[in-house]
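Peer 1: Residue numbers (this note's numbering), protein chains in the order written: chain Z, 1 to 335; chain S, 1 to 335.
To be clear, the hints were calculated from the coordinates, so they are not data collected in a lab.
The reader is advised that the hints may include incorrect statements.
[What the hints assert, rightly or not] Straight-line C-alpha distance at most 27 Å; calculated DSS-like pairs for lysine-lysine:
id : chain 1 : residue 1 : chain 2 : residue 2
1  : S       : Lys26     : Z       : Lys26
2  : Z       : Lys26     : Z       : Lys106
3  : Z       : Lys159    : S       : Lys26
[What the hints assert, rightly or not] Footprint (simulated), chain S over chain Z, 3 or more residues, beta carbon under 8 Å:
id : stretch
4  : 18-28
5  : 315-321
[Said to hold, decoys possible] For the chain S half of the interface with chain Z, some residues (derived, Cβ under 10 Å), not all of them:
id : residue
6  : Gly12
7  : Leu102
8  : Glu118
9  : Gly157
10 : Gln161
11 : Asp218
12 : Thr220
13 : Asp280
14 : Val283
15 : Leu285
This one's a predicted model, so the numbers in the text were calculated from it and none came from an experiment.
Where a beta carbon is used, it is the ideal one built from N, C-alpha and C, also for glycine.
Chain by chain, the residues run as shown.
Number of protein chains: 2
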Amino acid sequence: AHGRVDLTHGGGGRAMAQLVEELFIKAFDNPALNQRNDQAAFDVPAGRMVMTTDGYVISPLFFPGGDIGSLAVHGTVNDVAMAGAVPLSLSAGFIIEEGFPLADLKRIVDSMARASREAGVPVVTGDTKVVEKGKGDGIFITTAGIGMVPPGVEISGDKAQAGDAILISGTMGDHGVAVMSQRESLGFETDILSDSAALHTMVAEMIKTSPGIHVLRDPTRGGLAATLNEIATQSGIGMLIEENLVPVRPEVRGACELLGLDPLYVANEGKLICICAEADAEVVLAVMRAHPLGENAARIGTCRADSHHFVQMKTGMGGMRVVDWLAGEQLPRIC
Amino acid sequence: AHGRVDLTHGGGGRAMAQLVEELFIKAFDNPALNQRNDQAAFDVPAGRMVMTTDGYVISPLFFPGGDIGSLAVHGTVNDVAMAGAVPLSLSAGFIIEEGFPLADLKRIVDSMARASREAGVPVVTGDTKVVEKGKGDGIFITTAGIGMVPPGVEISGDKAQAGDAILISGTMGDHGVAVMSQRESLGFETDILSDSAALHTMVAEMIKTSPGIHVLRDPTRGGLAATLNEIATQSGIGMLIEENLVPVRPEVRGACELLGLDPLYVANEGKLICICAEADAEVVLAVMRAHPLGENAARIGTCRADSHHFVQMKTGMGGMRVVDWLAGEQLPRIC
Ligand SMILES: Nc1ncnc2c1ncn2[C@@H]1O[C@H](COP(=O)(O)OP(=O)(O)OP(=O)(O)O)[C@@H](O)[C@H]1O
Ligand SMILES: Nc1ncnc2c1ncn2[C@@H]1O[C@H](COP(=O)(O)OP(=O)(O)OP(=O)(O)O)[C@@H](O)[C@H]1O
Ligand SMILES: [Mg+2]
Ligand SMILES: [Mg+2]
Ligand SMILES: [Mg+2]
Ligand SMILES: [Mg+2]
Ligand SMILES: [Mg+2]
Ligand SMILES: [Mg+2]
Numbered sequence: 001a002h003g004r005v006d007l008t009h010g011g012g013g014r015a016m017a018q019l020v021e022e023l024f025i026k027a028f029d030n031p032a033l034n035q036r037n038d039q040a041a042f043d044v045p046a047g048r049m050v051m052t053t054d055g056y057v058i059s060p061l062f063f064p065g066g067d068i069g070s071l072a073v074h075g076t077v078n079d080v081a082m083a084g085a086v087p088l089s090l091s092a093g094f095i096i097e098e099g100f101p102l103a104d105l106k107r108i109v110d111s112m113a114r115a116s117r118e119a120g121v122p123v124v125t126g127d128t129k130v131v132e133k134g135k136g137d138g139i140f141i142t143t144a145g146i147g148m149v150p151p152g153v154e155i156s157g158d159k160a161q162a163g164d165a166i167l168i169s170g171t172m173g174d175h176g177v178a179v180m181s182q183r184e185s186l187g188f189e190t191d192i193l194s195d196s197a198a199l200h201t202m203v204a205e206m207i208k209t210s211p212g213i214h215v216l217r218d219p220t221r222g223g224l225a226a227t228l229n230e231i232a233t234q235s236g237i238g239m240l241i242e243e244n245l246v247p248v249r250p251e252v253r254g255a256c257e258l259l260g261l262d263p264l265y266v267a268n269e270g271k272l273i274c275i276c277a278e279a280d281a282e283v284v285l286a287v288m289r290a291h292p293l294g295e296n297a298a299r300i301g302t303c304r305a306d307s308h309h310f311v312q313m314k315t316g317m318g319g320m321r322v323v324d325w326l327a328g329e330q331l332p333r334i335c
Numbered sequence: 001a002h003g004r005v006d007l008t009h010g011g012g013g014r015a016m017a018q019l020v021e022e023l024f025i026k027a028f029d030n031p032a033l034n035q036r037n038d039q040a041a042f043d044v045p046a047g048r049m050v051m052t053t054d055g056y057v058i059s060p061l062f063f064p065g066g067d068i069g070s071l072a073v074h075g076t077v078n079d080v081a082m083a084g085a086v087p088l089s090l091s092a093g094f095i096i097e098e099g100f101p102l103a104d105l106k107r108i109v110d111s112m113a114r115a116s117r118e119a120g121v122p123v124v125t126g127d128t129k130v131v132e133k134g135k136g137d138g139i140f141i142t143t144a145g146i147g148m149v150p151p152g153v154e155i156s157g158d159k160a161q162a163g164d165a166i167l168i169s170g171t172m173g174d175h176g177v178a179v180m181s182q183r184e185s186l187g188f189e190t191d192i193l194s195d196s197a198a199l200h201t202m203v204a205e206m207i208k209t210s211p212g213i214h215v216l217r218d219p220t221r222g223g224l225a226a227t228l229n230e231i232a233t234q235s236g237i238g239m240l241i242e243e244n245l246v247p248v249r250p251e252v253r254g255a256c257e258l259l260g261l262d263p264l265y266v267a268n269e270g271k272l273i274c275i276c277a278e279a280d281a282e283v284v285l286a287v288m289r290a291h292p293l294g295e296n297a298a299r300i301g302t303c304r305a306d307s308h309h310f311v312q313m314k315t316g317m318g319g320m321r322v323v324d325w326l327a328g329e330q331l332p333r334i335c
């Protein structure tokens, strides 16, 4: 692909039809999309369905360990999976700035198609809009996803109970630090890769072993700290975690010190928090550790009764502090 | 709501949680969204499901007869309905530019909530991202929609046959001209309203009477001309339409002459094309005309065998011409 995206690529005429046909439909290639209708049709069984959406505005578009295309698949697959659901299909809406290089668009779409194929979740329908130069920022992608919850599974953020175990599937902060390392204005060099990955196969294993898991959630924007606070508020409980039990890569810890960030507040895109009954904790942890995406899974704490719904942390130094929603700087456009 | 959207509203911290809670969840209010999970859960019956998505980047955001919020509901409901499907639920991803007035955001969200309530299709899940000033254009909204196709209905763009009747549900060009009339640089005044509307109740009536309808499609970007060409290509047929049979409001015709546009190429957001067997044409037309959104429905032509898949038109002057995909100027950001 040569050249650049121009306004005719979003105009509803021949240029758009050609771009959709030769770039998008070719890359995403699947029976539902290939119908070329205003909507994709497919059969579903009766049951509990979930639906989710996320917009992706990450900057830069390409980062160590992924790009906006793979991220837009992983992130939305993960929000479906956090209900314990099996993802069925994705939609993808593209908003492209006039002048965007077609070669970059192709690279992103190919990466998205690869992530979709690897996850086994097809992009069945899409849309292409173009805005004038200066009215966007290269490319924004919004994906929606649907999936089916296996019978008997009832995972929800309001189901954590005092006494439940709090597990996480791996190291914290990798994605956010990998993206920050690419921002021109920061210009520090690291070998840290984003953890961007689709978690649904690990979740399926966890559910098979322990269908009674109470809560699953992926600690994306706001990191572990924000996500634990969300769950504590929703369930009306408190939590106690131990800083020393939270796995953080030494390189990530180092970069965070340099940037004045706390890894507990940095976004992840391939990690999950699991809250389950104490009796299930060991076996769920074992299942996570047996999966390639859960090698560094760890138990980090316990839920407890607390009318203030505080997330408390025993610090590395042995003190106690409240882990609030967001401390330190904002990290804009990390996803 | 006072003030402006800032980067913290997309940061994953307390400011975002508060905006989502007090603005979005309050306005869209429904059981699935109110679960406040990463995904919305609801029960579905077994059957044929459809999924669709559209990004909305319209400029200006407010126009006679609607705004980006109502449009984002109507447009996606319509793409679901064009399969003959009953819309079930919507997702909504917001990409907001830093500095956008909260009062405008509230106006848009309220309008979107009203359109969703009136259509009976809830917004069950959403997402909120904020980009820096100068990296967006006020607000972009991407909605996805799902729905269920009634048993026995098999509507698709590849099902038009030689001899089929071509019907449209009303006047052409109202939406595009209403939006163009608001563009500052054009500065002409009209009373033309956008036709933006949800067509699923009219489609339900049509399907009830004639479950064997072959094709439904809404003539959005590229207008009637582009959409007929799409269908002709997909079905491998030709078409013959009559210019004098295509309803166009006199004000729209006048504005088009002023702007050098052909109403056949101007976008609609509350109209549909229906292609059905000759034997069904009269009754389907009667059902459309009995619906408030189909008062001006008309038969405009007939499908025929043509290995070139040309859309031919008998012009008002009595001549014949090929109606190609897109003639004249582009109309960027009309939806
Ligand atoms: N970026 C994309 N990726 C995958 N498929 C796409 C993409 N853009 C469009 N499509 C597919 O192309 C076909 C036509 O899309 P298009 O957006 O023109 O239809 P529409 O939504 O009915 O029209 P409009 O967007 O003007 O309302 C659909 O099958 C759609 O799924
Ligand atoms: N604009 C919105 N309209 C309606 N609901 C929204 C909106 N933004 C967020 N929500 C809802 O708020 C909840 C939290 O959304 P959030 O985007 O923080 O979750 P997430 O997608 O898991 O996180 P992330 O976007 O960081 O990946 C969800 O229930 C979501 O549906
Ligand atoms: Mg998410
Ligand atoms: Mg579209
Ligand atoms: Mg999530
Ligand atoms: Mg559409
Ligand atoms: Mg989100
Ligand atoms: Mg359409």
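Peer 1: State for each hint whether it applies.
Peer 2: Cross-check of the supplied hints:
1. Lys26/S to Lys26/Z: Answer violated: Lys26/S to Lys26/Z is near 41 Å, above 27 Å.
2. Lys26/Z to Lys106/Z: This hinted pair holds, its Cα atoms lying about 11 Å apart.
3. Lys159/Z to Lys26/S: Holds, at roughly 23 Å.
4. 18-28: violated (count 0)
5. 315-321: Result for this restraint: violated, n = 0.
6. Gly12: Constraint on Gly12/S satisfied, holds at 3 Å.
7. Leu102: 18 Å, violated
8. Glu118: 21 Å, violated
9. Gly157: 5 Å, holds
10. Gln161: Cβ of Gln161/S sits 17 Å from chain Z, so the hint is violated.
11. Asp218: This interface hint holds because 7 Å falls under the 10 Å limit.
12. Thr220: 7 Å, holds
13. Asp280: Constraint on Asp280/S not satisfied, violated at 20 Å.
14. Val283: 24 Å, violated
15. Leu285: At 22 Å from the nearest chain Z Cβ, Leu285/S fails the 10 Å test, so the hint is violated.
The structure is inconsistent with the numbered hints 1, 4, 5, 7, 8, 10, 13, 14 and 15, although it conforms to all the rest.
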